[in-house]
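Undergrad: Please model the entire structure based on the sequences and the hints provided.
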Amino acid sequence: NAGVTQTPKFRILKIGQSMTLQCTQDMNHNYMYWYRQDPGMGLKLIYYSVGAGITDKGEVPNGYNVSRSTTEDFPLRLELAAPSQTSVYFCASSYLRPRRPGQGTYEQYFGPGTRLTVT
Amino acid sequence: KNQVEQSPQSLIILEGKNCTLQCNYTVSPFSNLRWYKQDTGRGPVSLTIMTFSENTKSNGRYTATLDADTKQSSLHITASQLSDSASYICVVSADNAGNNRKLIWGLGTSLAVNP
Chain G
1 NAGVTQTPKF RILKIGQSMT LQCTQDMNHN YMYWYRQDPG MGLKLIYYSV
51 GAGITDKGEV PNGYNVSRST TEDFPLRLEL AAPSQTSVYF CASSYLRPRR
101 PGQGTYEQYF GPGTRLTVT
Chain Y
1 KNQVEQSPQS LIILEGKNCT LQCNYTVSPF SNLRWYKQDT GRGPVSLTIM
51 TFSENTKSNG RYTATLDADT KQSSLHITAS QLSDSASYIC VVSADNAGNN
101 RKLIWGLGTS LAVNP
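Chains G and Y, in that order, give the protein sequences. If you read the first sequence in the working numbering, its first letter stands for residue 1, the second for the next number, and so on. If you read the second sequence in the working numbering, its first letter stands for residue 1, the second for the next number, and so on.
Honestly, the hints are just simulated from the structure, not real lab data. Hints may be right or wrong, so weigh each one.
Taking lysine-lysine pairs in the DSSO-like style, the calculated list, with each CA pair at most 30 Å apart, reads [unchecked claim]:
1) Y/102 x G/44
2) G/57 x G/9
3) Y/57 x Y/17
4) G/44 x G/9
5) G/44 x G/14
6) Y/1 x Y/102
7) Y/1 x G/44
8) Y/17 x G/57
9) Y/71 x Y/102
10) G/57 x G/14
11) G/44 x Y/17
12) Y/57 x Y/102
13) Y/57 x Y/71
14) Y/102 x G/9
15) Y/71 x Y/17
16) G/14 x Y/17
17) Y/1 x Y/57
18) G/44 x Y/71
19) G/44 x Y/57
TA: This is the structure:
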């Protein structure tokens, strides 16, 4: 298994440009997530998905959009890039398999990240 | 306000030595506490996950402890190796549903293991 893969690894955008960060997982996980990591800060959740066709906002969704048409793919779209979106973006996945109501497996698997600079 | 604080901010040790990293949290409700290792330029990798009822968990040379009463956790690394050089991040989940929607991330301890 390749796990969670992300493309591209690096990207420089001009202000106002658009791009899509790609994320694919081959572990048949139902949950997928997008985070950003800024220098000196903890990871912040942008969007997450509990399964194909279902997405929801995280802590910092403004300026981003997502879709989940398949179990494997969870692309993140930046429509009008701004310098504040300069960051490292991580995609992650996990499999929720409840053993009892309210309990499940929690482990997340992260991709290698995309370093984005907006100038 | 939910917070996770880690100490020290950075640490340098010699290869072969042991070290202990600390994590204090104020998170409610509490679901579980995780330790991640993040190598430079890579994504975080899970080391341990502990729920409220677990007070110690090991993963090879890594041993995590949890005191839910004092809201403290530690990560002990035994017989350090050069490959242990990384950032170690404490993360607390405030989500009982397990969907990782409410994770409170610490800022990490940067560990350098020197030969």
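Undergrad: Would you mind marking each hint as holding or not holding in the structure?
TA: Verification of the supplied hints:
1. Y/102 x G/44: 10 Å, holds
2. G/57 x G/9: Answer holds: residue 57 of chain G to residue 9 of chain G is near 24 Å, not above 30 Å.
3. Y/57 x Y/17: 20 Å, holds
4. G/44 x G/9: 19 Å, holds
5. G/44 x G/14: Cα-Cα ~23 Å, so holds.
6. Y/1 x Y/102: Holds, at about 13 Å.
7. Y/1 x G/44: 16 Å, holds
8. Y/17 x G/57: 43 Å, violated
9. Y/71 x Y/102: Answer holds: residue 71 of chain Y to residue 102 of chain Y is near 17 Å, not above 30 Å.
10. G/57 x G/14: Distance ~25 Å between residue 57 of chain G and residue 14 of chain G Cα, so the pair holds.
11. G/44 x Y/17: Distance ~33 Å between residue 44 of chain G and residue 17 of chain Y Cα, so the pair is violated.
12. Y/57 x Y/102: 22 Å, holds
13. Y/57 x Y/71: Status holds; Cα separation ~16 Å.
14. Y/102 x G/9: Holds, at roughly 27 Å.
15. Y/71 x Y/17: Judged against 30 Å, a Cα distance of about 27 Å means the pair holds.
16. G/14 x Y/17: Between residue 14 of chain G and residue 17 of chain Y the Cα gap is close to 47 Å, so the pair fails against 30 Å, i.e. violated.
17. Y/1 x Y/57: 27 Å, holds
18. G/44 x Y/71: Cα-Cα ~22 Å, so holds.
19. G/44 x Y/57: 26 Å, holds
Checked against the numbered hints above, the structure breaks hints 8, 11 and 16 and satisfies the rest.
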